[in-house]
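Novice: Chains as they are written, first to last, in our numbering: chain Y, 1 to 188; chain B, 1 to 231; chain U, 1 to 139.
Note that these hints are calculated values from the structure, not bench results.
Please note that the accuracy of each hint is not assured.
30 Å max Cα-Cα, derived DSSO-like pairs, lysine-lysine [to be verified]:
id	chain 1	residue 1	chain 2	residue 2
1	B	K226	B	K139
2	B	K167	B	K135
3	U	K11	Y	K155
4	B	K169	B	K135
5	B	K167	Y	K14
6	U	K27	Y	K14
7	Y	K107	Y	K177
8	U	K131	Y	K19
9	Y	K19	Y	K107
10	B	K154	B	K139
11	Y	K75	U	K11
12	Y	K177	U	K11
13	Y	K177	Y	K14
14	Y	K3	Y	K14
15	B	K52	Y	K16
16	B	K167	U	K131
17	B	K135	B	K226
18	Y	K38	B	K226
19	Y	K3	Y	K38
20	Y	K107	Y	K3
21	Y	K107	Y	K38
22	Y	K16	U	K131
23	U	K131	Y	K73
24	U	K11	Y	K48
25	U	K11	Y	K107
26	U	K27	B	K169
27	Y	K19	B	K169
28	B	K226	Y	K19
29	B	K52	Y	K38
30	Y	K38	Y	K14
31	Y	K3	Y	K75
32	B	K169	Y	K16
33	Y	K19	B	K139
34	B	K226	Y	K14
35	Y	K16	B	K167
For reference, the chains in residue letters:
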Amino acid sequence: MAKQYRSIGEEVWKNKVEKVNAELFIFTYGSLVVQLIKDYEDYHSVNKQLDKLGYNIGVRLIDDILSRTNLEKCKDMRETAEVISKIGFRMFLNIAPSVSAWSADSKEFSLILDDNPLNDFCELPPRAVQGGLWYSNVLCGVVRGALEMVGLLVKVEFVRDVVRGDEVSEIRVRLEKVLDEEVPVGDD
Amino acid sequence: MSADSRTTARLMSALSLDGGNAVEGRQISESALEFLLPELVNTVISTTVETKRIAARLSLGLDPEEEPQEDTTDDSTRSDSTTMASGWTELPEDSEVLEQVYVKLETIGFRVGRRLAERYAPVNRRLTDTLDIVKFVCKDMWMVLFNRQVDNLKTNHRGIYVLQDNKFKWFLRMSSNHGGAAAARRAQPYTWLPCGIIRGVLDSFGVNAVVSPETLGLPQCTFQIKVVSNE
Amino acid sequence: MAIHSVFIINKAGGLIYNRDYSTNIAKLSSNEALILAGTFHGIHALASRISPVSRSEGGKDTGIQTIDTANFRIHCYQTATGIKFIAVTDPSYMQLSDVLARMYGLYSDYALKNPFHNLEMPVRSELFDTKLQQLIQSS
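Isolated chain Y, as found in the complex (with noise of 0.2 Å):
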């Protein structure tokens, strides 16, 4: 199953994607939280501010991924979690965040980033670090709305994370509905 999206994930990025130098879109991605830093005093708001433009950008970016695929649903989380990886990231960012950590019910699991392009050139002060800050908290928005748009609402949240002086960076996802599709709506 991860075979399988691992090749889908690779062909996509060598023959459907244009692809650009990283470091504009990763200098602008941190000056933007510098910004936001400098507007909020305060770490807990910038997390939030970054996760709603996550969210806001995975709105959009789930139909990128479709479109481009041609997927097949996803039966359960566990292949959920593949396509996030294998496909979702690697299309994005090249990197497939390896999948670990399943909780018993299968509702819960851990991408851990070996190698995350926001955190290249990163590093945070002391304050930012004691404040709160999770650096990358725009992909946990990311992930967020991407799955909502496909009916599954998840909690998702950085635990861990190389620049605060952790050991990996680890995003926590957590299933916490499945929408209902296919009820007819009322009329408007």
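Use these hints to put chains B and U onto chain Y, whose structure you have.
Specialist: For chains B and U alone, kept in the frame of chain Y given last:
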């Protein structure tokens, strides 16, 4: 990449010992940037409007949190996703807020320009002549930013340079049925970021300048650089 | 030309795009087009409800894919995000899913990535109009 080599890479970039374009850059999808930019602009607009609202309430001695807040993203179990649909954020009418949006976007760009210049400054020659520095922006920097060079560079040889890009990349996806002038107005914030980038690059080479954009019709865009004398 | 018209319906059943590409098809008023979109959306949902194989049992797209009449055929492609791409063609057109999938690609490139476009709202973009027209003409 091991933690060690990562740290080293970071240190080298911080000290810019790695000689800019000698390093083979990481690649990502162009779409990542295409999705980030509009939300970056929207975020700057909405946070500026929000900050102003809070300040206004505080100055009246009111509790800023009392008023109905805009949607927060806390409640992730909410099902009516349409209320949070992403989309175009109208430019604020309030000229003071608009000015702040401009300043923020330009500043974000300025920092980007400084860092890009640091990475891509030529290693084998020193740029001192202003025209050479502007040419560096038109060719090398434009390639890094937009994967093309500017179409035309004009100068009056008295400190004014006009860069013309006939297919400005950040405009290429922009389209509406609202007609040229309205579209150009709506596209304005997307030029403030590159204005800042250009100013940042120039600043890295010791050139103090004011950069202003002009759009006659999408996707064409010009940037006017006006060098401010240091003496 | 064998593709007469195109409809795009958002996940709530609202019509967000509608163009005619031939004069052979009777012109619908905008109100009629809205009703058609809403009605199709409703029966599509009902169809997947009465499907003997549900999605969770491995059923693929369980909604309506084509509607046949003596003189034309309606093709529908629904994305996993709930957007419907619909085309009205000559009855001779058996298969249109490739073209509809390419429309989805255009939608994602020229509507979703257009900073002026609001999600779930009508697509108003000359660029999208042009690209779609090119696709229709080459199909």
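Novice: All hints are to be evaluated individually against the structure, with a verdict given for each.
Specialist: Against the structure, the hints come out as follows:
no. : hint              : verdict
1   : K226/B <-> K139/B : 19 Å, holds
2   : K167/B <-> K135/B : 18 Å, holds
3   : K11/U <-> K155/Y  : 23 Å, holds
4   : K169/B <-> K135/B : 19 Å, holds
5   : K167/B <-> K14/Y  : 26 Å, holds
6   : K27/U <-> K14/Y   : 44 Å, violated
7   : K107/Y <-> K177/Y : 10 Å, holds
8   : K131/U <-> K19/Y  : 22 Å, holds
9   : K19/Y <-> K107/Y  : 34 Å, violated
10  : K154/B <-> K139/B : 14 Å, holds
11  : K75/Y <-> K11/U   : 21 Å, holds
12  : K177/Y <-> K11/U  : 19 Å, holds
13  : K177/Y <-> K14/Y  : 34 Å, violated
14  : K3/Y <-> K14/Y    : 16 Å, holds
15  : K52/B <-> K16/Y   : 43 Å, violated
16  : K167/B <-> K131/U : 18 Å, holds
17  : K135/B <-> K226/B : 14 Å, holds
18  : K38/Y <-> K226/B  : 28 Å, holds
19  : K3/Y <-> K38/Y    : 44 Å, violated
20  : K107/Y <-> K3/Y   : 21 Å, holds
21  : K107/Y <-> K38/Y  : 37 Å, violated
22  : K16/Y <-> K131/U  : 18 Å, holds
23  : K131/U <-> K73/Y  : 28 Å, holds
24  : K11/U <-> K48/Y   : 27 Å, holds
25  : K11/U <-> K107/Y  : 26 Å, holds
26  : K27/U <-> K169/B  : 38 Å, violated
27  : K19/Y <-> K169/B  : 14 Å, holds
28  : K226/B <-> K19/Y  : 33 Å, violated
29  : K52/B <-> K38/Y   : 14 Å, holds
30  : K38/Y <-> K14/Y   : 39 Å, violated
31  : K3/Y <-> K75/Y    : 16 Å, holds
32  : K169/B <-> K16/Y  : 19 Å, holds
33  : K19/Y <-> K139/B  : 19 Å, holds
34  : K226/B <-> K14/Y  : 42 Å, violated
35  : K16/Y <-> K167/B  : 22 Å, holds
In summary, the numbered hints that this structure violates are 6, 9, 13, 15, 19, 21, 26, 28, 30 and 34.
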